[in-house]
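From first to last, the protein sequence lines are chains A and B. For the first sequence, this note's numbering assigns the number 1 to the initial residue and increments by one for each residue that follows. For the second sequence, this note's numbering assigns the number 1001 to the initial residue and increments by one for each residue that follows.
There's no promise every hint is true.
Cut-off 25 Å, straight-line C-alpha distance, at most; resulting in silico cross-link-like pairs (PhoX-like, lysine-lysine) [what the hints assert, rightly or not]: (1) B/LYS1619 with B/LYS1477; (2) A/LYS185 with A/LYS29; (3) B/LYS1003 with A/LYS134; (4) A/LYS135 with B/LYS1477; (5) A/LYS17 with B/LYS1477.
Residues from chain A that face chain B, not an exhaustive set, calculated with beta carbons under 10 Å [to be verified]: (6) ILE78; (7) GLU79; (8) PHE89; (9) HIS93; (10) GLU97; (11) GLU105; (12) ARG154.
Some chain B residues flagged as far from chain A (calculated, every beta-carbon gap over 10 Å) [unchecked claim]: (13) SER1390; (14) THR1571; (15) LEU1573; (16) LEU1732.
Just so you know, these hints were derived from the structure itself, not from any lab. Quick reminder that beta carbons are idealized off the backbone N, C-alpha and C, glycines included.
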Amino acid sequence: MIKLQNIEKYYANKGVKSYILRHVSTEIKQGEFVSIMGPSGAGKSTLLNILGMLEEPTYGEYNFMGEDVTALKERQRIELYRNHIGFVFQAYHLIDEMTVAENIEAPLLYKKIPGSERKSRIADVLDRFNMVAKKDLFPNQLSGGQQQLVGIARALVAQPSIILADEPTGNLQSAQAEQIMELFKKLNEEDGITIIQVTHSEKNAQYGSRILTIEDGVIKEDISVNGL
Amino acid sequence: MFKLNLKIAWRNLWKNKAYSVFNIFGLAVGLAGFIIILLYINREQGFDKWNPALNRTYMVAADFTQNGAENKGSKIKALFAKTIEAEFPSVEAISIGWLNGNANLRTETNGKVIKEKLSSVSMDDKFFAVYPLTAINGRMQDVFRDKNAIAISKTAALKMFGEENPINKVLIQNRGLNEKEQELVVKAVWDDKKQPSYFGFDVFYAADFSIYGGEFLSRTFSTMLTFRDGVDAESELSKMNDAYTIALAKFVANNSDVNFKPSKQQALAILKDKEGITSFKLIYEPVSDLNLGTFYSTQAKRTTINILLALASFLVIISCINYTNLSLVLAQKRAKEVGVKKVLGAQKINLLKQFFAETALQCIIAYLFALIIAELLVPKVNNLLDTQLSLFSSSNISLVLGQALLILLAVIAMAGAYPAFVLAGFRPVKVLKGNFNTAKHIGSLRKVLVVCQFTIAIALVISFMVMLAQLEFMRNKDLGLNKSQLMTLDIGNFAKRNLSPAAFQSIKDRLLAISGVDDLTRATEEPINDSGFNNDLSFAGKKLNVESRFVDVNYLKVIGGKVVEGRDFSTDLIATDSVQSILLNETAFAKLGLTSVNQQIGIDHGDDIKQFNVIGKVKDIQAYGFEHEVVPTVYLVADYQFHWRRNIILRLKPENIASTIEEIKKTWMEIEPGRDPIYSFADETFQKMNKAYETSNKVIFYFGSLTLIISLFGLIGFAAYSAEIRTREVALRRILGATTANLLNMLNKDFLWLVIIANIFADVLAYVYMNKWFAGFAYRIPMPFEMFFTANLSIIVITILTVSWQSLRAVNSNPASVLKAE
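One chain only, chain B, in its complex shape:
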């Protein structure tokens, strides 16, 4: 019987080829989207799972407020590790060092040079007790035996040495312009594919703390610890918080007497008194959680994953709805079969089995197509999300396929259940009497499904358009500087970073001699970035913490900033400007309550307050993207000794940019040989800042298009069938004198209502979601309601075109032949 059912299922598929294609293709696309997202999620959650102690392993850092500024470094003083080792037996091991370094390594074999910039980790000799990487070749602990020893990942070993055994091979490390090169010997290899790590490092070497001498304990390091099995980590960590606060107080009070035991309150008082630390707490995060979102990152991956999962679920649900809908449409054709079978003695359960078998057949075909589509799409997705997913070569392929198979079963159940029960429930008498019309029975459900589908699809389309409008605004908004052709070149050599303008002149002249360079200046940092310096300003009894930008005189002129009141720094007045003049931006003016230029402002220098004259007001420059308000900023041309001008900022001419860049690189290699020049462009930096938004906009675009396409597939099938079963009615109306327009109007009406209702729901949904999205921006456009209108109108037009296209055959058929056939 099963075989027969399968045969009938296949014949039905074949008979209704067009519907089957829509059904299967829609389902396949939905499943493909889901499989890709499963791949992504599995990858993102697959780090460090090989570590048996993973759930007992934590990263620890300090969060404190010192002199009014919150300090959120991801590191903590070496004192912490010392305290823990002495006082906490519940900790199995604690390790400190650097977790996110880089190493420029190269191999030279027979004159062939392979150069790679690899990410590195260097920690103390307890690291493998905390993070038990295992060597597949050599021994990990050997890394600590020799200063020049290094461990390397299998992937990196392949890159550097090919298939040869890397053990005892030499890697040469270039340590920049200010230190000598070093030869490193590979002592161990670990498999980074089998032991994927959140820290994603390619090489490991022992941390060398000897350079710190007596200052070691006060230096901060990345710190990782593992508790013993069965320890309540949370309560231990809060005990650590108190113990370390006290240890830190003793440390800053420089009192190591064993009898000096301050309480926590006393300790905090000491910290406030000695260091100006007003609040202090430990930040600890389980290593297992780091990848999905950490205390230190604003754009947590967990959000991305949730959004992707939601979108993929939409896609699968919509495909299921489509499937159910088209099956219900076809149910009418199957009614007779059900009636006859029941009369021949089929029980309901027989029929349910048959219809589920049919759904299963289609779903399995869809699943196979989905795998193919997913494989084809993976490279594009990698490009979009900046990941390295792969379907058939990934190590967790069986996991993904297994999960996808579960989804498939869920889909079969979801998509197949309702039609199966509807079909199996037909009453034979009614069916066999002949003029049986299922459309009346299942119409309302079908309508609800269509409305749901279109609501989701339209909401996504609107969201996409609104996001695009905001992105367009972000691309075109006046940022307060001219970001095109603005290049920042890093000065590598420490000795060249603190040159006075006069001493820098010869370098400047060499760069200006390049015909494509318009002008250049220097600053501590590039214009679109944190300047790295802060100061407290005081004016009329008010105090304000501002960002300080230490620059050269012509800085604003080169970056295209505007002085809206007063004057810019001037070369002629450099003698006074460099010691007593400052510029403030508009935000600083507003926050200080400053009404005009030429006022005296105090800058807090720790011990004393130095007075400066405000000579001008600078238009706000958006250095932090669109999420954050512009911070109050002071511009100074003072002090080359402690505020190194380590970046040269060049304004290039728009013509022949590529050759200009080549010339700059060549000239710079002459000035600073031994290192490839490091440079960036302001517009690219800016683009990177908006990249997350651009990406999510693209993701929404792809998913929105897919849902829309699948929904339209559903509509095509639905409309075609409606027209088909109304052929007789259409023919009769035609004979009674209806025009083509009348008939199309009649056939369109039902669908149009559904889509209009869906539009209304979608508008509300998109409005709520977009409002939430906009909340993340300090600078945004007003809600663009014209986008809602445009989307609604286009969807309605598309609906009318689709339904009319499908109806035309019925409308244009010859009434005589239709009625005769009846």
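Bound-form chain A, shown alone:
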């Protein structure tokens, strides 16, 4: 599904290149649950951003479902997010001026899905996440865990084939974090959604099927969890 070949990212500063990513090559198949780990500043988030097409690599080839992403125009990239990718952020990034239901509805609006189907999908997701009672609340009226649930619901409602999550539990207490990770695992196993998460926590990484460890912009380790 995803194929990275020799991806490099650097910033040139007064002629000196400071590398964030070097020679990153890997392949991620449909249905995998990958955790990217590593110390701060190793380049985990940059890698995830490149995967999510929020940043462009300085060099290298990125194939997403057989298409060369680096050659795409912004408009086409946005088409790709709409249809295939859901994002989940550490800081949730819900839109403060929208209610829970409206936040969840937003990606569907951009996909131009008709009103009746939007309603049924939102109802569906709210029901599945047990949040029907909270649908008219604004984000600042929810706890962190609840906000992240809305964030995930919003990512899922557009029925993506892949979810990219940047430290999804970084701002949460452990009980809530566990709940989120269980949810991810269930989505991966039952719905077959590919999940790529960046995490600091060994424990969270164990929920996945594969762990990529990055240090100083280079992939240090690539191990399968089940193989342990």
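With chain A held as given, fit chain B onto it using these hints.
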């Protein structure tokens, strides 16, 4: 999606209530100003538009120099119309008569008297072919059927007759003390609201030329003509110029022989020879242009309109700048929303639409408020500009609202475009990483906008102050006479106008018997006005055209004029003074090169030159306001027969003025019954002369205050937000030991620079504009640079106070709680 965007827009407005109020209110005030000015402009340009032949209709008059004096009357001899009718088939119709008369009319029904002074037009029977007013009741042409017939405007008919049908009703015309009253019968009514006219007349009646008999052709009249459709008016008018010059030459040469065909050169030679006319040309003006500025008026409305339009545009532009500025300030808060939406799949166009929808929502709210504000302000504006504007009842309301709507769209585009593009252009990665600071990206533009705003506002403030200083100078300058409590009373009865001082004594005694009257004298005109007479003086081979004031002996004493050299006229020497003594003013002394009194001066009387002795030098009296230099003037006490002393000038005691005036009126009604006394006061006349300046000063004041207020609103919002986003920095500095003064200093610094730069620009701008303004004055103050300094300093102080006030919350907040929240 649109509905959702609207909802978000509303929630955003609500969340940022304070900013929204500033934004919307500022915009509303700007738009209100603009709407009012649109009303004014539409009204001023709306005259005569109902006339399908308007662009083919011209007023014609003559401009010529006769015996060295330019004659700029707005009329032309009847000979012109006769010539045109005979020689120019390109003219559809030409009409002559009087366009600006007055009629004192009254109705008496069942003992109830309604009295009105209405403006009247009386023209010949071709008038409606030139100026096709249409009757809504009766027939306009019927006015020419009967000497006593009259047409009346709908407004005047309402005043005189109420709701009753005015046709065949009687109006009684009072024609002054020297003619009998006349009964007029209404034969037609036209709708002056649907057919607004530049000439603004309420009644029309047929002109009666029979009184002129054989002199008719040499009399001058207002003359209006309409060309046939498709005629090149300009070339026809220049042909008319030549044809009339020749006709006039034949006329003055008294040679009507058809074979006498002088060329234009010969014609001009005849005019010079017979009449002393050295230059002659026709003045023609399209009727459509008259209201905005005519050949005969110095203060054209077009200038007023241009100035008002410029000021209103400033106001709208400044409001837009404010809007843009505050939106950019708020952009920081919106950055996350943009980032998230982009990640969720929003294209740039979706976001642009959303932000434009938000601007539109605010602008529409502002527009509604603007309508309310405009409606509230209209009476005040009417008062100020001496107009009758009305917003919701005016006949062109749809035009005004339509124009204002266009402005609104322009405002939405102007104010909304930049923030929309900035917001929609945010890069999601940067925004979502968290520590994104938009202030750095848009800071410089915001600064430019603030500088622009303040430059305009400060320039207006300085202009206002400089104008005020000049006005103050004009109010207090020694005019050469004492203008307070100086009353001029018009003598109505012709028989009482040419009385000798001895014959006038009994009237004088009756007026002097009133305890509030100090003294009185007579003159041909009031002291602050054109005297109506000119003479050529000659001295030592020099000739000088001077204004002549024919007065009574004690004239200068009563008006408070000063004789700086020699002596005033004297009652004891009246026998010689009245035939051979004159006074000259300082300007005449200087222009003639006269060094001392008691010199012989010749006065040109057409056929011979009569010698007079200059007995005194009078301090210059400023009879023509401040735009014009004092004209050389001669004072004479001679000749009551041809220079009628038609004005009594009274010096009143300052106590109980009102009751004195009442007594004078009562006494005068006994002397001249049958007419309300006509009087005026010198200081009021003077005030009227300066009224245009006072008005423009007030207009500048209002617009200047508004721009300043709106700019300050912008500053408040800007400062509040700056302080808010720097709360953390302020808290940290506080912990590191900064005092309140340090912090305020830090927060003020950025704004202060902007305002100082704006001050410099504004000084230059105001200097250039004020220099131009001063060029219109013959008597002016030197450029008051202290005003520039005062304005600059006050604006800077206001800025510091505003920014400090907005910053205090950040400065005074508890550092511990601020840092903990982070």
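Right, here's what the structure says about each hint:
{"no.": "1", "hint": "B/LYS1619 with B/LYS1477", "verdict": "holds (14 Å)"}
{"no.": "2", "hint": "A/LYS185 with A/LYS29", "verdict": "holds (16 Å)"}
{"no.": "3", "hint": "B/LYS1003 with A/LYS134", "verdict": "holds (21 Å)"}
{"no.": "4", "hint": "A/LYS135 with B/LYS1477", "verdict": "violated (77 Å)"}
{"no.": "5", "hint": "A/LYS17 with B/LYS1477", "verdict": "violated (78 Å)"}
{"no.": "6", "hint": "ILE78", "verdict": "holds (6 Å)"}
{"no.": "7", "hint": "GLU79", "verdict": "holds (8 Å)"}
{"no.": "8", "hint": "PHE89", "verdict": "holds (6 Å)"}
{"no.": "9", "hint": "HIS93", "verdict": "holds (5 Å)"}
{"no.": "10", "hint": "GLU97", "verdict": "holds (4 Å)"}
{"no.": "11", "hint": "GLU105", "verdict": "holds (8 Å)"}
{"no.": "12", "hint": "ARG154", "verdict": "holds (7 Å)"}
{"no.": "13", "hint": "SER1390", "verdict": "holds (42 Å)"}
{"no.": "14", "hint": "THR1571", "verdict": "holds (92 Å)"}
{"no.": "15", "hint": "LEU1573", "verdict": "holds (95 Å)"}
{"no.": "16", "hint": "LEU1732", "verdict": "holds (22 Å)"}
The earlier numbered hints that this structure contradicts are 4, 5.
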